[in-house]
Structure formats: structure tokens, C-alpha cells
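Starting from the structure of chain Y, add chain G where the hints point.
The chain contents come next:
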Amino acid sequence: MLNKIKNVLLEGTVVVKTVVVSILKWCSKVQELAVQGFQELKASIAVEQLAVTLLVSVVIFGVALLGALAVLQDNFVGMLTLLSLVPFVVFQIAYKDIEPTDVSWDLELLSSILVLYVVTTLSYMAYVDRNLSAWLLLAVLLLLTYLSKPDKKC
Amino acid sequence: MDNLNLIAKELFQSVEESVVLMSKVDTLGEVAMFAMTLPTTKETVAILEYIKEELTTTRKRLVLLSSKLGGDADVK
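Order-wise, the sequence lines are chains Y and G. All residue numbers for the first sequence refer to our numbering, where the first residue is 166 and numbers rise by one. All residue numbers for the second sequence refer to our numbering, where the first residue is 297 and numbers rise by one.
Among these hints, one or two may not hold up.
[Unchecked claim] Here are the computed lysine-lysine pairs in the DSS-like style, where the Cα-Cα straight-line distance is at most 30 Å: (1) K171/Y with K364/G; (2) K305/G with K190/Y; (3) K207/Y with K364/G; (4) K320/G with K364/G; (5) K171/Y with K194/Y; (6) K338/G with K182/Y; (7) K338/G with K320/G; (8) K182/Y with K356/G; (9) K182/Y with K171/Y; (10) K320/G with K169/Y.
I should point out that these hints are in silico values taken from the structure, not numbers from a laboratory.
Next up, chain G with everything else stripped away, as it sits in the complex:
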């Protein structure tokens, strides 16, 4: 019973985290698309650099989450 409780808890946490990460990827993608339409300035480059770093972090968290759920998760 305790084991099932633990599985349910982890599943719930995974769903929550995946929703947060999905929303993050969506927002970052939209901001990146918008930034690419802006004139070429150092600010635009800085925005894209920030998005790049945030996407890398998000990707790492997704890989961790996926491996926590079981199986190989490294998607190129």
C-alpha cells in the first residue's frame, strides 16, 4: 500500500513538473520567434543567448524526469 502511495505521489509530481516544463518550452519558443523578428542589436543577441541557456536547462530537467519515469530518455 505504501509502495502504491509512493508511485502515485511520484506520478503526480511528474505530471506537475511536465506541465510546468511544457509551458516553459512554449513561452521560450514564442519569445525566440519574436526575438528573431527584432532588429539586429546586442539586446536581441542577449535575449537569444538567454533563451538558449534556459532551453538547455529545461532539456536537462526533462531528461531527468524522463529517466525517473523509466527507460532511456536521451533524445537528440
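Here chain Y stands alone, though its shape is the one from the complex:
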């Protein structure tokens, strides 16, 4: 009787061991996938950060150049550009350590500054220089903004 019980227990141990080895194999597979996903994610973050850093550098350099030219030529728009650069640089320095991987925030801020710059320049050209092309471009921008507005019905 005791021998029978012992045999049953030993068989049970073998079965449990087989199950544990299967779980172990499964765990290794899941771990492999997680590591692979982690590395891909890190690589994509690195690429995005590099792209954003390049873009930010180009924009800052461009805007600074325009600003410097504006100061030299007493140009109102150029000076506005310089002013728009100040909050951007401040935000960059203030939030760089807090959100190092949140690239969408950088891009949103950059696009807002660029749109502000384009609209200010066009408004200046349209109103002060009485430039017809600038008026037309402003009208096109307004139309595009209206058309790209999300449909609030749904």
C-alpha cells in the first residue's frame, strides 16, 4: 500500500516537473519577446529624439538668424521672431529633464511657433506692405484651418 502511494506521489512529481518545465519554456519565450519589444522601443525613441534634436537645432538656428537680420535691418517681424524664440528656449531648458522622451510635446510647441511666425509675417506683409499675395495666403491659411477642423457632429 505504502509503495503504491509512493509511486503515485513520484508520478505526480514527474507530471508537475513537466508542467513547470513547460511554464519555464513559456516564460523564456515571453521574456524574449519583452526584451525584443523593449529594445525596439528604445531604438525608436533614440531615432525620434535625434530627429527632434536636429529639427529643433535647425529651427532655433534659422529663427535666430532671421532675428539677428531683423535687428540689423530694424524689421518688426524679425524682432517678433526673436521674442517667440525666448519661451521656446525657456520651455526646452525647464522641461528637458522632466520629459526626455515625450517628443510629441516638442513637435507641438515647434509647430505652434512656426505657425505663429508665418501668420505674423503674412499679417505684417499684408497690412503694412499692402501685399496682395500675403492677403491671399492668409485667406488660404484661414480656409485650410476651417477645412481641417474636426467634425464635431460625431
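Chain G in isolation, oriented as in the chain Y frame:
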């Protein structure tokens, strides 16, 4: 008799632990799959890093459990 009692007790504990570990691997796998569908942020990276560490710990526990049950257990 005492010996059989000990074997039965260890077997029961091993079954219990293997069920817990299996459930853990299942949950971690599901969370990892979900995390990979999220936008790339530092939070997503942190989640995956945590899952990676937890899976390593779980794997170590499984290896220990397997060797306790007898035989070579190192599965790559």
C-alpha cells in the same frame, strides 16, 4: 510514512507555486503585449523594463522549483 508525508507536502507546495507562477507569466505577457501597442513614451519603456525584471525573477523561481522536483532545469 513520514517520508511519504513530506513528499506529498512538497508536491502540493510545488503545484501551488507553479500555478501562481503560471498566472504571473500569463499576466506579464498580456501586459507586455498591451504595452507594445502604446505610444512610445518613457512610461512605456518603464513598464517593459519592469516586466523584463519580473520575468527574470519568475524564471529564476521556476528554475529553482524545477530543480527541487529533480533533474536539470536550465531551459534557455
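Sort out whether K190/Y lies within 30 Å of K305/G, counting only the CA atoms. holds (25 Å)
For the pair supplied as a hint, K338/G and K182/Y, confirm whether the alpha-carbon distance does not exceed 30 Å. Judged against 30 Å, a Cα distance of about 39 Å means the pair is violated.
Pairwise hint evaluation, K356/G against K182/Y, where the allowed Cα distance is 30 Å at most: Satisfied, since the Cα-Cα distance of roughly 15 Å is no more than 30 Å.
Holds or violated: are the alpha carbons of K320/G and K169/Y at most 30 Å from each other? violated (34 Å)
Given the hinted pair K207/Y and K364/G, is their alpha-carbon gap at most 30 Å? violated (37 Å)
Verify the proposed pairing of K338/G with K320/G, using a straight-line Cα cut of 30 Å. With Cα atoms ~24 Å apart, K338/G and K320/G stay inside 30 Å; holds.
If you draw a straight line from the CA of K171/Y to the CA of K364/G, is it 30 Å or shorter? holds (17 Å)
Take a quick look at whether K182/Y and K171/Y sit within 30 Å of each other, Cα to Cα. holds (16 Å)
Satisfaction of hint between K194/Y and K171/Y, Cα-Cα up to 30 Å: violated (35 Å)
Agreement of K320/G and K364/G with the hint, judged by alpha carbon distance not exceeding 30 Å: holds (20 Å)
Comparing the model with each numbered hint stated earlier shows that hints 3, 5, 6 and 10 do not hold.
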